[in-house]
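Colleague: One-letter residues, chain by chain:
There are 2 protein chains.
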Amino acid sequence: MKQTRTGLLLVVSGPAGVGKGSVNNGLIKRNRDIRMSVSATTRPARPGEIDGVHYFFKSENDFKRMIEEGAFLEYMRVFNTHYYGTPKSFVEQELKEGRSVILEIDVQGAMRVKEAYPDAVLIFIAPPSMSELKTRLIGRGTENTDAVERRFATAYKELDFAEKYDYIVVNDILDRAISRVEHIISAERCRSSRNGELIGKLIGGRKEL
Amino acid sequence: MKQTRTGLLLVVSGPAGVGKGSVNNGLIKRNRDIRMSVSATTRPARPGEIDGVHYFFKSENDFKRMIEEGAFLEYMRVFNTHYYGTPKSFVEQELKEGRSVILEIDVQGAMRVKEAYPDAVLIFIAPPSMSELKTRLIGRGTENTDAVERRFATAYKELDFAEKYDYIVVNDILDRAISRVEHIISAERCRSSRNGELIGKLIGGRKEL
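Top line first, the protein sequences correspond to chains A and B.
Per our numbering, the first sequence starts with residue -2, numbered consecutively.
Per our numbering, the second sequence starts with residue -2, numbered consecutively.
Hints are computed from structural coordinates only; laboratory data are not their basis.
Heads up, a few of these hints could be off.
No copy is singled out in the list; a pair is fine if it fits within one copy or between any two copies.
[Stated by the list, open to error] In silico lysine to any residue, SDA-like type, Cα no more than 25 Å apart, as pairs:
{"hint": "1", "residue 1": "Lys(-1)", "residue 2": "Ser183"}
{"hint": "2", "residue 1": "Lys55", "residue 2": "Arg173"}
{"hint": "3", "residue 1": "Lys(-1)", "residue 2": "Glu155"}
{"hint": "4", "residue 1": "Lys111", "residue 2": "Glu194"}
{"hint": "5", "residue 1": "Lys26", "residue 2": "Met73"}
{"hint": "6", "residue 1": "Lys154", "residue 2": "Ala42"}
{"hint": "7", "residue 1": "Lys111", "residue 2": "Arg74"}
{"hint": "8", "residue 1": "Lys26", "residue 2": "Asp163"}
{"hint": "9", "residue 1": "Lys26", "residue 2": "Lys55"}
{"hint": "10", "residue 1": "Lys61", "residue 2": "Gly197"}
{"hint": "11", "residue 1": "Lys111", "residue 2": "Ser190"}
{"hint": "12", "residue 1": "Lys85", "residue 2": "Tyr114"}
{"hint": "13", "residue 1": "Lys55", "residue 2": "Glu65"}
{"hint": "14", "residue 1": "Lys93", "residue 2": "Tyr72"}
If we strip away everything but chain A, and leave its shape as in the complex, we get (with noise of 0.2 Å):
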């Protein structure tokens, strides 16, 4: 009997600049039987957007209908504008077929993962430092120095939900982030609790031998 290789359901969170895009790629890239979850979004593409890769884009009635069926992981609408959610049909297919699925979603959708599923494992990307986000930040140079502010504000608002997930991972060294990810996916498939039906068949075993 080998070591249980069920897929897993990760949810990665941190503020921006801390590199949870590229922690994920890098995922992706080295583990074949990793996947991104992709969100549905009743806001508007933008230019260079492809629907069903970056984003499922829906209308509003379509998206509703969605809720209406139950057909979301978890939903939210942002400042009663647009809505973001999860289908749950690609990560159960995923899950199904023993590949392993990421969210990448804010801490309050994590939130929301963990309680509907509470076999998730809930992962925060932390900075090495505030000031190294600070920098990160700024590098992106994709944002004005008010954009910078708000979004540095909102990691420490951020930060203070880091001990509700199961792991923190510092994003000091990227490959080193990366690999941490990979120890947790190879250790969270040998907790016990996942394991039950390996040892249900050992034993299981007693009156044959």
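Based on these hints, arrange chain B on the given structure of chain A.
Modeller: Okay, now just chain B, sitting in the frame of chain A:
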């Protein structure tokens, strides 16, 4: 700030013949910051056994004095004859210096350690199958058929405890089993319950920035 690298108290159990010793030896050879704990006992040394290496050999009076002094992390008396125990001082000193310590003890001892040290990480080494376990037990060639049968029957009782452990590692291929334990150590260092200080320091800097 770097990922927490505190020492972990690792409890490794598993049925006779499963290869606990080989896994632990591999861990120690591959990781300079992991040590084996040495148990104390009142049973006489067997030929080849070295005091302080295989066991700390103690008189019954010395052992009882150590019990009174609270010097044991856990201890037990086997069949009203010999005492066995884990001296606290060595373990605590190693953990303090950031090294991890492995206790290779039985399921009863493991439960007592978990009660005294809830932070301990309990790992149960399981065989890939019961017939493979029997093959390994016979292959050791150190015991007669009766002893093999006795140990094999005990294995089932031990497996009943496996789900009380934090992790179950199948020793199918030795190198893989060792890697799994290494991944567990790496993952446990990322557990949010062990990284409160790190987050505290990140948030604590709020006023400075």
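Colleague: Taking the hints in turn, state whether each one holds.
Modeller: Structure-based check of each hint:
1. For a Cα distance limit of 25 Å, the shortest separation of Lys(-1) from Ser183 qualifies both inside one copy, at 13 Å, and across copies, at 22 Å.
2. Taking identical chains as interchangeable, the C-alpha atoms of Lys55 and Arg173 are never at most 25 Å apart, the minima being 37 Å within one chain and 45 Å between chains.
3. For the identical chains of this complex, Lys(-1) and Glu155 are inter-copy neighbours only, at 19 Å across copies versus 39 Å inside a copy, given an alpha-carbon limit of 25 Å.
4. In this homomeric assembly, Lys111 and Glu194 come within 25 Å of each other (Cα to Cα) both inside a single copy, at 23 Å, and across copies, at 23 Å.
5. Taking identical chains as interchangeable, the C-alpha atoms of Lys26 and Met73 are never at most 25 Å apart, the minima being 29 Å within one chain and 50 Å between chains.
6. Within a single copy, Lys154 and Ala42 get their C-alpha atoms no closer than 28 Å, and across copies no closer than 59 Å, so neither meets the 25 Å cut-off.
7. In this assembly of identical chains, Lys111 and Arg74 lie within 25 Å of each other by CA distance solely inside one copy; the values are 19 Å within and 44 Å between copies.
8. In this assembly of identical chains, Lys26 and Asp163 lie within 25 Å of each other by CA distance solely inside one copy; the values are 24 Å within and 30 Å between copies.
9. For the homomeric pair Lys26 and Lys55, neither the shortest alpha-carbon distance inside one copy (28 Å) nor that between copies (56 Å) is at most 25 Å.
10. In this homomeric assembly, Lys61 and Gly197 never come within 25 Å of each other (Cα to Cα): the closest approach is 43 Å inside a single copy and 40 Å across copies.
11. Taking the closest pair of Cα atoms, Lys111 and Ser190 come within 25 Å of each other both inside a single copy (16 Å) and across two copies (17 Å).
12. Taking the shortest Cα distances, Lys85 and Tyr114 sit within 25 Å of each other inside one copy (11 Å), while across copies they are farther apart (39 Å).
13. Taking identical chains as interchangeable, the C-alpha atoms of Lys55 and Glu65 lie at most 25 Å apart only when both belong to the same chain, with a minimum of 15 Å there against 70 Å between chains.
14. For the identical chains of this complex, Lys93 and Tyr72 are intra-copy neighbours only, at 22 Å inside a copy versus 45 Å across copies, given an alpha-carbon limit of 25 Å.
Of the numbered hints listed earlier, those contradicted by the structure are 2, 5, 6, 9, 10.
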